[in-house]
Amino acid sequence: MTSPEAVAGSPRPPILVLDKLDKRFSGTHALKSVDLAFEEGEIHAIVGENGAGKSTLIKVLTAVHPRTSGDIAWQGKSVPLASPHESIRLGINAVHQEVVLCPHLTVAANIFLGDEEMRAGLLDKRRMTRDAQKLLDELGFTLPAGAVLSSLTIGQQQLVATARAERRGAKFLIFDEPTAYLTRQEAAALFKLIRRLKQRGVTIVYISHRLEEVFELCDRVSVLRDGALVGTRKVAETNEADLIALMINRKIEQIYIKDTVPIGATILTTEALTGPGFRDVSVTVREGEIVGLYGLVGAGRSEFVQSVFGRRPATGGRIVWRGEPVSIRSERRAMDLGIALSPESRRDQGLCLNLGVGLNINLPIFKRLSIGPLINLTREAVSADKQIRDVQIKTASRAAPVSSLSGGNQQKVVIGKWLNHGAKLFIFDEPTVGVDVGTKAEIYRLLGSLLRQGAGIIMISSYLPEVYELADTLHVFRAGRLVATHGHKDATHETILTEAIGV
Amino acid sequence: DKPTIPVIVKDTTSPYWQIVFAGARQAAKDLNVNVPELGAQSESDINGQITVLENAVAGKPAAVVIAPTQFKALGAPIDEAAKSVPIIGIDSSADSKAFTSFLTTDNEKGGRIAADGMAEAIKAKYGKAEGKVALITHLPGVGSLEARNKGYKEELAEKYPGLQLVADKVSDGNATTGLNIMTDLITAIPDLRGVFADNLIQCEGASQAIAENKKGDAIKLVCFDADDKLVGYLKDGTIAGLLLQDPYRMGYDGVKSGLAASKGEKLPANVDTGANLVTKANMDNDKEHKLLFPPK
Amino acid sequence: MTDQTTTASEGQRGRRLDLLLGLTLLGLLLVMWLALSLETTTFWTSNNMSNLLRQGAMIAILAIGETFAIITGGIDLSVGAVAGFVSMAVAWLLTHDLGVASTIAGAITISLAIGVVIGLFHAFGVVQMGLPPFIMTLATMYALRGIGLLITNGATISITNTAFTGFSRASFLGFPWTDGTWFQIPMLFWMVIVVAIPAYILLDQSRWGRYLFAIGSNKEAARLSGVNVAAITYLAYVVSSFCAAFVGILLAMRIGIGNPTQAEGWELQAIASSVIGGTSLFGAVGSVHGPLIGSFILTTINNGANLLNLNPFWQRIITGFLIIIVVYFDTLRTRKR
Amino acid sequence: MTDQTTTASEGQRGRRLDLLLGLTLLGLLLVMWLALSLETTTFWTSNNMSNLLRQGAMIAILAIGETFAIITGGIDLSVGAVAGFVSMAVAWLLTHDLGVASTIAGAITISLAIGVVIGLFHAFGVVQMGLPPFIMTLATMYALRGIGLLITNGATISITNTAFTGFSRASFLGFPWTDGTWFQIPMLFWMVIVVAIPAYILLDQSRWGRYLFAIGSNKEAARLSGVNVAAITYLAYVVSSFCAAFVGILLAMRIGIGNPTQAEGWELQAIASSVIGGTSLFGAVGSVHGPLIGSFILTTINNGANLLNLNPFWQRIITGFLIIIVVYFDTLRTRKR
Ligand SMILES: Nc1ncnc2c1ncn2[C@@H]1O[C@H](COP(=O)(O)OP(=O)(O)OP(=O)(O)O)[C@@H](O)[C@H]1O
Ligand SMILES: Nc1ncnc2c1ncn2[C@@H]1O[C@H](COP(=O)(O)OP(=O)(O)OP(=O)(O)O)[C@@H](O)[C@H]1O
Ligand SMILES: [Mg+2]
Ligand SMILES: [Mg+2]
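Residue numbers (our numbering), protein chains in the order written: chain H, 1 to 503; chain W, 1 to 296; chain G, 1 to 337; chain X, 1 to 337.
The shape of chain H in the complex, shown without the other chains (with noise of 0.2 Å):
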């Protein structure tokens, strides 16, 4: 057990230093000046909201991207970090949030992938299945080293992915949400591996949202918000609170428009329903109402709206449309009975990217452009054209391919699509990912339309304020299950947050 005040005072100097970093995507600031130093064999803990900068941070330190503007300066001198390659041989290795490592091969390949064991110029399986396993061992982890990757599960991946970068010998490791998929053995065994890699002089940097983690684990913990730094505070000096609030301390403007319009008859109830990736879920939804999902990535929330929507249909308990049971098992049942959903990633679920904004627009409602199969060109045309003047989408023109457009109004083609469909029941996942304040505005209207219209919507947000300030009713997902409801403003920022980590 070590503790904090081991490096109190911290009279080693700064292992690696930013100055001024930033980070521009083409639409995201993603970091802003961020200045930074890190020192050797802290453990150092990184916070902050979804899309806060976090990841960003770690993959230009390993030269997944490039940074736009600033200065690394690495025990001293400035590198470029030009390659991968570069982080590697400096000692920089990170355990990425999304598992980069590949399924066809074995646990103990993976581990030496780039750096394989070599005897008498050929791979040495034997050894390196043997030292995997070892260091496998090692670590507490309990895992075959001579399993194919695929096998095992995300967590136990990125198990693999931890102790990979542990055998690089690395000088400086970053975990970026290491105990997202963990169970709780599996937790415990990671933190006495961090604990002992600490004890070597190994700096570590470690992302999470869960912040008890936090206390429990580092020494220093530093707060991202909107891609800047807001602060570092010791761990021994500062408590959950006071970084909840470093985290959310953000001016409210009057982005959040929120339409009171009386709340009409149920549309939608689940009932127990209970699906892949969720249990016991009981939700309602009425005519002029938004229901807000909040919950930290992976509670299952999109798993949930897609059951509803037919995707992945439920596997137990029942939905009743309009006060009808109805079972929901494709897309095209839940579209004719009136819901319509907005899928969270616009490029894997949401867009035809290289296809028209018109096309991807009325790709729902072609049936009703038709005269049999035959497409009325002007009423499709004119279709397209009022939804791109109605949701205010900046395009070329419809035929532009979505490709070109901005993230936002890429989202405002998501969203609009469906604003073109009509529903009873709206289901927005993540509607506001990725899209600027003056967007989120225009969304947030759009969202009042449909109510007045008497739908009812279903959001699900990773941005608090958001589902805070604009859900009617607000439940609080953790782990596959709904935790906490709330009705509209009437808990606290911070106890729905503790609510959703679970502390």
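Errors might be hidden in some of the hints.
Claimed, not checked - Now the stretches of chain H that chain G is said to cover, found in silico as 3 or more residues with beta-carbon under 8 Å:
1) 343-353
2) 373-379
What the hints assert, rightly or not - No farther apart than 27 Å at their CA atoms in a straight line, the calculated lysine-lysine pairs in the DSSO-like style are these:
3) K125(H) with K219(X)
4) K214(W) with K125(W)
5) K290(W) with K60(W)
6) K125(W) with K159(W)
7) K72(W) with K83(W)
8) K290(W) with K109(W)
9) K287(W) with K235(W)
10) K125(W) with K215(W)
11) K263(W) with K29(W)
12) K367(H) with K394(H)
13) K219(G) with K424(H)
14) K394(H) with K219(G)
15) K219(G) with K489(H)
16) K219(X) with K219(G)
17) K59(H) with K219(X)
18) K59(H) with K171(H)
19) K128(W) with K153(W)
20) K32(H) with K77(H)
No lab work stands behind these hints: they were computed from the structure. C-beta: ideal position from N, C-alpha, C; glycine also.
With chain H's structure known, arrange chains W, G and X with the ligands on it following the hints.
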């Protein structure tokens, strides 16, 4: 137990070789032998035929009847095979002295006869064996076709200085390609007087093009092999002449010779089964009629 | 704001590249025609241009069908085998005495139905069994040729029905040519039109066409928008096989025989035509006019080489390099996006 | 804890399926052999088994090379064309008088170098130009046959060097067979060993082999681990073309002539062998022994069909359906993961 005498042809998918099989089948019935029908699936698949030969020999047959796809390539494999079993060659020759007996149409001679037939037809129409002529080859890299073309070209060069070979075209095994080539030849060389198509499939295409353009009178098409459709074209003058070998007899006599060889009988080393030019004039003669309509 | 402008100009650049490709192709075709007209006296004649239309017809129809499979992100390697098989089937039906099935209309209907069944089988393999389209259609290609040969035992079936075979030689309508002769539009080219117009309507004017593009672009997004992905995949492979069967019938008409070994290698010519015509093998990019132009480019290469009495082997080399160049431009365009 | 057990058993299930497939294949081969031994008196003879080894040799080597391309998630459609082209090249060299280049060793070296150059060209197209491997190698397939035909003007080159051609019929070592005769191991089969051993070492025992699987499995992960993805892709296509060139030389030895039209359709047989041998067309799954067994399964089908006097057309049909069935099992296995 019946003796086994496999017959190995060049291309089991071709109608011509199916007639060889028909002859062999009849012999099998008449002589009470077992006749596996073997062969590669394309005339250009030399390796395939060598493989089939090896397999056939491994089956310890009484004799093997083979139509070698390529002169040089089949030489050594036949030498090898002949060590354990008598080999009867049919249709084409190979670079081997190990054949017990050999029943061939000399393809080179066939090409020469084609040139003669074409020249004859041109002379009948234009008064002199003069003018432009062409050649359409079914596929590149096929031994018997190369031999036919060689005979055709040499005969033209030697005997008909007035006939100029102005186009030497190679098709890709599709009848439609032959059709397109012929159509374009008619366009590009309006005074074309003769064409030699060196196998059945190309003849299907070439004759079709001549029929479409109603050029049967102006262009004298001579082909190797025949089927019902081509006989029709011969009758209506679209085709000037068909060179017929006697595949049925090759099949029949091949098996018969094989059986005789297996019994150690003495056989003539070479039998020419002949290539016969069938024209509209002689097509109703008994011999030619039999060649045109072989028993199935 | 700066964002908007950059992306807008990117969109324009994308479209400009598209347009460029379209014009380049048509330009290429016209330049080839011009060059051949100047180089030979025989190219730009009513007769030869009729021939050209007739020669390109079958590959054009195959390429149009193939394009449907490619747009969904798949491929159909069996189209040549299907055409050969159907040429055999239609000839077999016509030369047997099976009542209605042996009338021209009956034989054609049954042959087209064979195409539909093969298409359904492909889609079953791709959708229900989850096989890669490449493998599924490769396997059918093998099997179909074998089955055809087994049925005919390798023989050609001569079609004696002249009403049937005469069709491929017939023409319909025409117009005066530049040299005063009468240009006749061959029936075979009308058949291209007969296929191209419904194909165009299906691909460009019907909602199923939109769905074809959508599943080629993003299957999951299409599904979540209520598109029946399985049904549309079935549609694509059925159209492809149907076109191939149609070509098989035309082939039997044209050469007057049925033979399952015919149309060998046509699948590659169809794919090449489609790809040269701007269809993207990554899916979701393609048209009906593209493969049409593509197939006539390939046909012009062949026709021109014949007229110029060029060595026929050049055709293969030119085709090979043309494919590399055109697809390279396509990947450039895709990457730009 | 429950977690551990489920995943461990899942891992076992995955490996059990793999093992099952491997055993199924070997089992299939042995069952076929047993059936043929019982059904015919001629199959299980030293002579026929030598033949079988000789006949499977060339496709086996092609399939091994092809597997390298497929493991990276690519494909090589040109291997048949390369073999044909090289058979022509080696024959051309041997029959001309070019000093060292016309010695057997010189001609072989140059021919193998041709294979390497073609492989480099493919990889250039795939890596630098970003073309889909399917298209890149399809284009070379067209072009190579054309170039070969152009060089030879379609003619066949007869090889007179008997030292060269004799090799393919030679044998080396042997053992007494069950019937007391002497089983001779054909040189051609030794050539399979000569290719398979280094291929096995490269794929299974070397670092680069690991990287081939890694880029087939997850290109991004491989790149982040410091793998030079471009170089490894080059390696894959060079190995594939090198093996094809090697087969071209063996082909020229076996048939004693050089002709660029030979080995037509062998690419599909190589792919089929590889796929039947458990290589996944989705990449990252494959071995050296798999395609080896696969190619001998196909060879046994052919050999057996000949000995059983089965109609040769059945071979195509059986091959087609075998491909569908085996790949279907592969997709099942992939889905399980
Ligand atoms: N490759 C990319 N291209 C464009 N924008 C990106 C990219 N990666 C991240 N972003 C954007 O940068 C911002 C910061 O994202 P980042 O992944 O760093 O957040 P995070 O703090 O790790 O969040 P989480 O807790 O959800 O992991 C987000 O707005 C995100 O949309
Ligand atoms: N690709 C995957 N493979 C395996 N399991 C996954 C995968 N994606 C999600 N899961 C599991 O499903 C659970 C629920 O994930 P889901 O994406 O529904 O969460 P969510 O609450 O919607 O999060 P988000 O904020 O990202 O929308 C996660 O805990 C995770 O274990
Ligand atoms: Mg992150
Ligand atoms: Mg989600």
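Results for each hint:
Look at the stretch 343-353 of chain H against chain G: 7 of its residues bring a Cβ nearer than 8 Å to a Cβ of that chain, three or more, so the hint holds. With 4 residues having a Cβ less than 8 Å from any Cβ of chain G, the stretch 373-379 of chain H passes the three-residue criterion, so the hint holds. Taking the CA atoms of K125(H) and K219(X), the gap is near 22 Å; set against the 27 Å cutoff, the hint holds. Proximity of K214(W) to K125(W) is assessed by CA-CA distance (about 15 Å); at most 27 Å being required, the pair is judged to hold.
Distance hint between K290(W) and K60(W) is unfulfilled; the C-alpha atoms sit about 35 Å from each other, more than 27 Å. A hinted pair counts as satisfied when its Cα atoms are at most 27 Å apart, and K125(W) with K159(W) qualifies at roughly 18 Å. Proposed proximity of K72(W) and K83(W) is supported: the alpha carbons are some 18 Å apart, at most 27 Å. Restraint check for K290(W) and K109(W): the C-alpha separation of about 21 Å stays at or below 27 Å, so the hint holds.
At roughly 17 Å between alpha-carbon atoms, K287(W) and K235(W) fall within 27 Å of each other, so this suggested pair holds. Proximity of K125(W) to K215(W) is assessed by CA-CA distance (about 13 Å); at most 27 Å being required, the pair is judged to hold. Under the criterion of a C-alpha separation no larger than 27 Å, the hint pairing K263(W) with K29(W) is consistent with the structure, at around 18 Å. For the hint linking K367(H) to K394(H), the alpha-carbon distance of about 26 Å falls within 27 Å, and the restraint holds.
Note on K219(G) and K424(H): the hinted pairing holds, with a Cα-Cα distance of about 25 Å set against a maximum of 27 Å. Between K394(H) and K219(G) the alpha-carbon distance is near 25 Å, which keeps this suggested pair within the 27 Å criterion. Of the pairs offered as hints, the one joining K219(G) and K489(H) is violated, with about 39 Å between alpha carbons and a cut-off of 27 Å exceeded. Taking the CA atoms of K219(X) and K219(G), the gap is near 22 Å; set against the 27 Å cutoff, the hint holds.
Under the criterion of a C-alpha separation no larger than 27 Å, the hint pairing K59(H) with K219(X) is consistent with the structure, at around 17 Å. Taking the CA atoms of K59(H) and K171(H), the gap is about 17 Å. The hint holds against a cut of 27 Å. Between K128(W) and K153(W), the direct Cα distance comes to roughly 19 Å. Compliance with the 27 Å bound is thereby established for this hinted pair. With a C-alpha separation of about 22 Å, the suggested pair K32(H) and K77(H) falls inside the 27 Å cut-off, and the hint holds.
In summary, the structure is inconsistent with hints 5 and 15 from the numbered list given earlier, while agreeing with the others.
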